[in-house]
Amino acid sequence: LLSPILLICSIPVCAQTYTMSNSPITTCSGTYMDPGGTSFYTDLDNFVQTICSGTSNCVSITFSSFSLESGFDYLAVYDGPSTSSPQIAGSPFTGNVNPGTLTCSSGCMTFAFSADNSVPDAGWVGTLSCVACPPPPPPPNLAYGWTQRASAPTIGRHRGTAITIGSRAYAGMGHINAITDIIYDDWW
9 LLSPILLICS IPVCAQTYTM SNSPITTCSG TYMDPGGTSF YTDLDNFVQT
59 ICSGTSNCVS ITFSSFSLES GFDYLAVYDG PSTSSPQIAG SPFTGNVNPG
109 TLTCSSGCMT FAFSADNSVP DAGWVGTLSC VACPPPPPPP NLAYGWTQRA
159 SAPTIGRHRG TAITIGSRAY AGMGHINAIT DIIYDDWW
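The sequence shown: position 38 = 46 (the working numbering), numbered continuously.
Rather than coming from a laboratory, the hints here were simulated on the basis of the structure. Note that CB positions come from ideal geometry on N, CA and C, so glycine has one too. Any given hint could turn out to be false.
[As the list claims (entries may be wrong)] Derived DEER-like restraints, expressed as beta-carbon distance ranges:
(1) V127 - N30: 33 to 41 Å
(2) P32 - A130: 22 to 30 Å
(3) S29 - S72: 15 to 23 Å
(4) D124 - T63: 30 to 38 Å
(5) S78 - T34: 31 to 39 Å
(6) S29 - Q95: 31 to 39 Å
(7) A97 - S122: 17 to 25 Å
(8) P143 - T27: 32 to 40 Å
Could you build all of it, start to finish, from the sequences and the hints given here?
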């Protein structure tokens, strides 16, 4: 009667649990927790950890709980292998608003956690997985419209004429051409 129980208990039924530290992780599954693990994190915690898939897939985390001291303790999440990578939308996270599911667009996601010197909290618990990487964003729309100041100068070269391309205004040197209406060059 004891041998079936031993057999059941020896079969791994839970994925690995990772508690945040400064050491990199390569995984496609597991539970990811704040530096305090099952307890509250501590004052002045400061950790940076990168999690990579080790495959062609992208790392994803789904938070099941999230509680940091609002406005004082932060979890920043970066889309890539370092804190030089761009932050994921919504990052940094603070307070009790659960970030939900975050997925990087490369094989790595970097977490940077910092706590101030008081009021530690429960932290977070998230489930790690690897998913197919999202497609790259489309190229920018280069078919911008442009406008010129309301008072159009006469044909010829003009200094200080301003134009707008998309939502950005440019000043500089340009000239008006009777055939093409306006040709601009030397803009800054």
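Taking the hints in turn, this is what the structure says about them:
1. Distance hint check: the CB atoms of V127 and N30 are about 23 Å apart, inconsistent with the given range 33 to 41 Å.
2. Between P32 and A130 the Cβ separation comes to about 25 Å, which falls inside the hinted range of 22 to 30 Å.
3. About 20 Å separates the C-beta atoms of S29 and S72, a value consistent with the hinted range of 15 to 23 Å.
4. The hint said 30 to 38 Å for the Cβ distance between D124 and T63, and at roughly 37 Å that hint holds.
5. Distance hint check: the CB atoms of S78 and T34 are about 32 Å apart, consistent with the given range 31 to 39 Å.
6. Between S29 and Q95 the beta carbon distance is about 21 Å. The supplied range of 31 to 39 Å is therefore violated.
7. Range check, A97 to S122: about 20 Å between beta-carbon atoms, so the 17 to 25 Å window is met.
8. Roughly 33 Å separates the CB atoms of P143 and T27, a value that falls within the hinted 32 to 40 Å.
Violation of the numbered hints given earlier is confined to hints 1, 6; the remaining hints are satisfied by the structure.
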